[in-house]
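Those sequence lines, one after another, are chains E and W. Here the first sequence is numbered in our numbering, starting from 1381 and rising by one per residue. Here the second sequence is numbered in our numbering, starting from 1381 and rising by one per residue.
No lab work stands behind these hints, which were simulated from the structure alone. Possibly wrong hints are sitting among the right ones.
Note that the list lumps identical chains together, so a pair holds whenever it fits in one copy or between two copies.
Claimed, not checked - Here are the simulated lysine-lysine pairs, DSSO-like style, with alpha carbons at most 27 Å apart:
#	residue 1	residue 2
1	K1434	K1388
2	K1382	K1407
3	K1407	K1451
4	K1434	K1407
5	K1382	K1403
6	K1403	K1451
7	K1434	K1451
8	K1403	K1388
9	K1451	K1382
10	K1434	K1403
11	K1388	K1451
Spelled out from the first residue to the last, the chains are:
Protein chains: 2
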Amino acid sequence: MKTIDIFKALSNETRLSMLHWLKEPEKHFPAQGAHIPKGINFVGGVCVGDIQEKAGLSQSTVSSYLNMMQKAGLLESFRYGQWTYYRRNEPFIREFAEQIRTEL
Amino acid sequence: MKTIDIFKALSNETRLSMLHWLKEPEKHFPAQGAHIPKGINFVGGVCVGDIQEKAGLSQSTVSSYLNMMQKAGLLESFRYGQWTYYRRNEPFIREFAEQIRTEL
DNA sequence: ATTATATATCGAGATTTCGCGATAAGTCAA
DNA sequence: TTGACTTATCGCGAAATCTCGATATATAAT
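Starting from the given sequences, assemble the full structure and let the hints guide the process.
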């Protein structure tokens, strides 16, 4: 959650792209949630496999990138069954952007 | 001038501190410009030596950090005599902050 | 010209990051 | 239970970053 860790997470072309793709998941990924039951609400989440395919990097690399971005606070995740869905942590990102605007 | 380079420049504690110190030079550094003639206008600039002392790193490290931040667009420099003064590139920083706010 | 001062550049060792393949762990279906 | 599938973790070599001391360059003073 340190500022430096956020900047580090953003210092990579692929990770930055993933963050952008997740702004419009329906535009960049196949329809999600086929395996999520109706009760669960995790709109905008995309499973690791689809993100990996789009990124064109290995599964392990993408998994750790996503984990890193989550630790930094930029993403949040939800696991259903064997799938893990990631989406943007929008309030956190907005807060970070605002902090940059006022304190950088 | 690429976004990634800006994030990389901001991904280091010392460099981030330098950027903050330069927001209020008079608060963090000795009075500057003793060697600058009246005609020159470079308000807010601080010479490398004073930044180095404050940072507590080697002269070479600080010099290259400052150069890196300038290349990224965050700082601008002015050389007078044997001194090089650095200051924040405020318009660029504001523009970057705005870009983060709207595009991140 | 010589010397002193401020900054930039170079070369190097230590640490970190990048991205991979292999493997482990968790979950589901049969 | 076995097998298939999705994701996470581990270990690794390559590349980048960190930070330093030594040295080069530029300017100023004597």
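Comparing the hints with the structure gives:
no., hint, verdict
1, K1434 <-> K1388, "both (22 Å within a copy, 24 Å between copies)"
2, K1382 <-> K1407, "between (31 Å within a copy, 25 Å between copies)"
3, K1407 <-> K1451, "within (26 Å within a copy, 35 Å between copies)"
4, K1434 <-> K1407, "within (12 Å within a copy, 48 Å between copies)"
5, K1382 <-> K1403, "both (23 Å within a copy, 21 Å between copies)"
6, K1403 <-> K1451, "within (19 Å within a copy, 29 Å between copies)"
7, K1434 <-> K1451, "within (22 Å within a copy, 31 Å between copies)"
8, K1403 <-> K1388, "both (20 Å within a copy, 22 Å between copies)"
9, K1451 <-> K1382, "both (10 Å within a copy, 25 Å between copies)"
10, K1434 <-> K1403, "within (14 Å within a copy, 41 Å between copies)"
11, K1388 <-> K1451, "both (11 Å within a copy, 18 Å between copies)"
Hint violations for this structure: none, all hints satisfied.
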